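Visitor: This is what each chain is made of:
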Amino acid sequence: MEIRLEEVTKTYSGGVRALDDLTLTIPRGMFGLLGPNGAGKTTLMRILVTLLEPTAGRITIAGIDRLREPHRVRQIIGYLPQEFGFYRRLTAREYLEFAAGMKGLPPAQRRRQVDELLVRVNLDRDARRPVGGFSGGMKRRLGIAQALLGDPRVLVVDEPTAGLDPEERIRFRNLLTELAGDRVILLSTHIVADVESACSALAVIDRGRLRFTGSPGELARQAEGRVWQLTVPARDFERLRGGLRIVGARRVGDDMELRVLSAENPLGQGTPLAPTLEDGYLALMEGVPA
Amino acid sequence: MNRRWDELIAEVTGQAPAAPADVPDAAAPDAGGADGPDRAADVSAGCAPHAGTTSVTCGAVAAGPGAACSPGLVAASAAPGSPRRPAGTAGPGGHLTPAEAEAVLARLATHLVPLPTAADTEALIDRLRPLLPQPAPRRFRDFGLSREPVALLLRAQLQHFRPAWWLASLAFVLLGLLAGPSLAARGLSPAVLAPPLVIGGVLYGFRSLRGAALEIELSCPVTPAQVALGRMLVPLLYYLVLGAVAILPVPGLAGALSGAVLPGQALVAGSTQGAVPAPTGVFPEPAYAQLFLGWTAALLLFAGLMLTLTLYVGTATAAGLATVLWGLLCALHTVRLSPFALPAGPRWTPVQLALLALGLLLLATGLYRRRLFHWPPGREA
Amino acid sequence: MRLTFKDVTASYNGRPVLAGVSLSLGPGLWLFTGPNGCGKSTLLRCAAGILRPRSGRVRLLPRDAREEIDAWDDPTAYRWHLGYAPQELLDLPETTAGRYLAYLAALKGVRPACRPERVAAVMAQVSLPDGEVPAFSTGQRRRLALAAALLNDPDLLILDEPTQGLDPDELVRLRLLLVELAADRIVLVATHLPEALSGCADGHYTITAEGVNRVGDPA
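Chains as they are written, first to last, in this note's numbering: chain A, 1331 to 1620; chain B, 61 to 441; chain C, 459 to 677.
Hints are computed from structural coordinates only; laboratory data are not their basis.
No experiment lies behind these values; they were computed from the predicted model shown.
Glycine included, C-beta positions come from ideal geometry on N, C-alpha and C.
There's no promise every hint is true.
Simulated restraints on C-beta separations [claimed, not checked]: (1) B:Leu-188 - C:Ser-513: 53 to 63 angstroms; (2) B:Thr-383 - A:Gly-1466: 34 to 44 angstroms; (3) B:Leu-238 - C:Ser-513: 54 to 64 angstroms; (4) B:Arg-407 - C:Gly-556: 51 to 61 angstroms; (5) B:Leu-263 - A:Leu-1420: 28 to 38 angstroms; (6) B:Leu-381 - C:Arg-460: 37 to 47 angstroms; (7) B:Leu-227 - C:Asn-494: 39 to 49 angstroms; (8) A:Gly-1466 - B:Leu-227: 40 to 50 angstroms; (9) C:Arg-521 - A:Thr-1601: 27 to 37 angstroms.
Computed from the model, here is a short list of chain B residues facing chain C with C-beta under 7 angstroms [unchecked claim]: (10) Ser-268; (11) Gly-271; (12) Glu-275; (13) Pro-281; (14) Val-282.
Some chain B residues flagged as far from chain C (calculated, every beta-carbon gap over 12 angstroms) [stated by the list, open to error]: (15) Pro-158; (16) Ala-169; (17) Leu-300.
Construct the complete structure from the given sequences, taking the supplied hints into account.
Guide: In structure tokens, the structure reads:
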């Protein structure tokens, strides 16, 4: 139960390489996809859910060849894109029944699945309310319910927590973790904290290339021994910025407490700190020429 | 002090120190009092700190013998109270001969400290500067902002109007005036086409005044009314010019196009039902002027209306209401009460002038300082 | 320099969201978090002078000034000292970042002679290259709004969700910029990602249905 990508390339007209020779295995469970804006994460996801065709490469999803049998892939994959529209007047139930119809679910199963899913995403009490009045978190949950129609083995979720407040984010992450059971959930996000708490494995993509794959702990360790706390007078801050990789700063009186990424002890005055996942990501991307 | 000096002199010159008995009493007030301060002054004057250095050097020593300092030195060596001898004369008790003075000066010259150069001075100042309290760097807002009331920024507003719009408006006016004769046949002046033009122009110009862009502009030190008026002025002025070019005959141009019927002339022909008056001189004939007045009045009236309505109910609703009003006024034409009728009768001009004044009044609301605060989404709750 | 809310009560879209909020903030970076719909954006909009509270006062004491300026009694003077970046993403029809900023600079009172230089300066400050706005990514739109807010070098900077859509590198840049700006300005930031900025903030407030509360000093 895994997704296998081999030397996948996607070139747009004009020569832009959105994906460049990507080779990656995505195992069962929650898998995080990190990367800067424009790295190719959305392109990769759209290729997986058969919205886009790759220029080259081989893809296998749960043993099915993605390129030769896309229709079979569509039956086992659910997609929650970042932007998705709703018909505002439909109630939650009506919307899901409509989506179920679009997916080709037999009518007998539709009702049952819609009921189950509404309970699953905790929207059963709001099932009769029009979608237009839903909060951001509620809309996301409805989107997940829609993606889960047909009980897909693979769930692809694009920036699902953008715009959710911290509580809603935690609830949504928990929901995804529950669902991860025996599925593959591919979670693409900017928010390092989401990956840190929910994913057992992750990959970092930049400009279409794979930069890293492994566990969150392994990514954090990329910055092992390279994170320092340094306190300097506030007036030196400007001058030091050019020379040091400062990733955090805090004003304390007339001084600045800096968090610095550096191979050696900066100015000989730094105190070593334990690296976070964000530090690991930044350290990894640091080595990349602009 | 004098004894020590004698010993020094003796050491330098190789002569025996003068006998202490020859030294007159130090406490002879009159002579000493008169000369002492002067000599002290000489000494201090000659040995003032050299400007720009932090070490006090006797500038005169560096200049060599015979400079200002030496007489002071020599004078100080004379015991206070003793009668002043001419400089250089040998005498008992501490007076130096010129040769001795030379020897003393030569000896002192070996302890010479070089004067700092200008570069040294600058380097020192640079080293000292960081230790001084730093003046804060000038903030942009202290010199870069103008405190005068923000003007309507016509030129800045131009960027909201793309080439496509300029051309589309021109096309509309041309089409409208091609339809001129048929309008005239129904007794309608070109003014009837002004309101849809204004409504369309406002809808276009205001299309980006929503969402984030609107909130940003509302947080600027301009009132919403001023924002609206500024956006409205570009299309308004453009339409005035278009109308003028289409309606008013240009002297000389008419001659060049003799034989072709200018749109305005067609309308004038329709309204006066007679021969088309040939354009003479600089000012257009009254009939042309009236048509242009009608055009301007309709333009300003609907512009003012759109401005005021937009500030209360938003652009889309304002456009709807204005269109309905336009429809009504057109419908009134059937009962001969429409402001869009061709010039006819003595009341026509005063009515048009009144409408024009009303339009200007509505537009002037854009100039008020008070915030007119009914602009969605910033609705007062 | 001080921003004061006094007994501010406000609604949005007919629903009451703030009731009797009183708060006084000096120079520094102040975070505001809380569930959606509980008044974060409403409070910031009141401070930005675009939403009038039903009751209460919002006043600013700018640097080097002796008297407070009320946001509604003297709106023009208040907005001279203000820069605001809204939560909604900037969505402009065909125009470039440079042209749009030049237009806003004129609206904010930047002297004509200083405008080109000032626009270039703020674009450099937020690392924004010039380009067609319709083609901008989320992060670039956020930075454009931030650049716009900085044009008049305001004493009071109000940013609603500036972190949204930023990747980790852009987040670091934003962090350092905010710390730098907060040295001698009052910077209000509403965010759904408090952990991204709590390390560098001077204070952290939550806005819930119960009211506005200060969270214990950030770690």
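Visitor: Take the hints in turn and mark each one as holding or not.
Guide: The hints, checked one at a time:
| no. | hint | verdict |
| --- | --- | --- |
| 1 | B:Leu-188 - C:Ser-513: 53 to 63 angstroms | holds (57 angstroms) |
| 2 | B:Thr-383 - A:Gly-1466: 34 to 44 angstroms | holds (36 angstroms) |
| 3 | B:Leu-238 - C:Ser-513: 54 to 64 angstroms | holds (59 angstroms) |
| 4 | B:Arg-407 - C:Gly-556: 51 to 61 angstroms | holds (53 angstroms) |
| 5 | B:Leu-263 - A:Leu-1420: 28 to 38 angstroms | holds (31 angstroms) |
| 6 | B:Leu-381 - C:Arg-460: 37 to 47 angstroms | holds (44 angstroms) |
| 7 | B:Leu-227 - C:Asn-494: 39 to 49 angstroms | holds (45 angstroms) |
| 8 | A:Gly-1466 - B:Leu-227: 40 to 50 angstroms | holds (42 angstroms) |
| 9 | C:Arg-521 - A:Thr-1601: 27 to 37 angstroms | holds (35 angstroms) |
| 10 | Ser-268 | holds (5 angstroms) |
| 11 | Gly-271 | holds (5 angstroms) |
| 12 | Glu-275 | holds (4 angstroms) |
| 13 | Pro-281 | holds (4 angstroms) |
| 14 | Val-282 | holds (6 angstroms) |
| 15 | Pro-158 | holds (68 angstroms) |
| 16 | Ala-169 | holds (56 angstroms) |
| 17 | Leu-300 | holds (23 angstroms) |
Consistency with the previously given hints is maintained throughout, with no hint failing.
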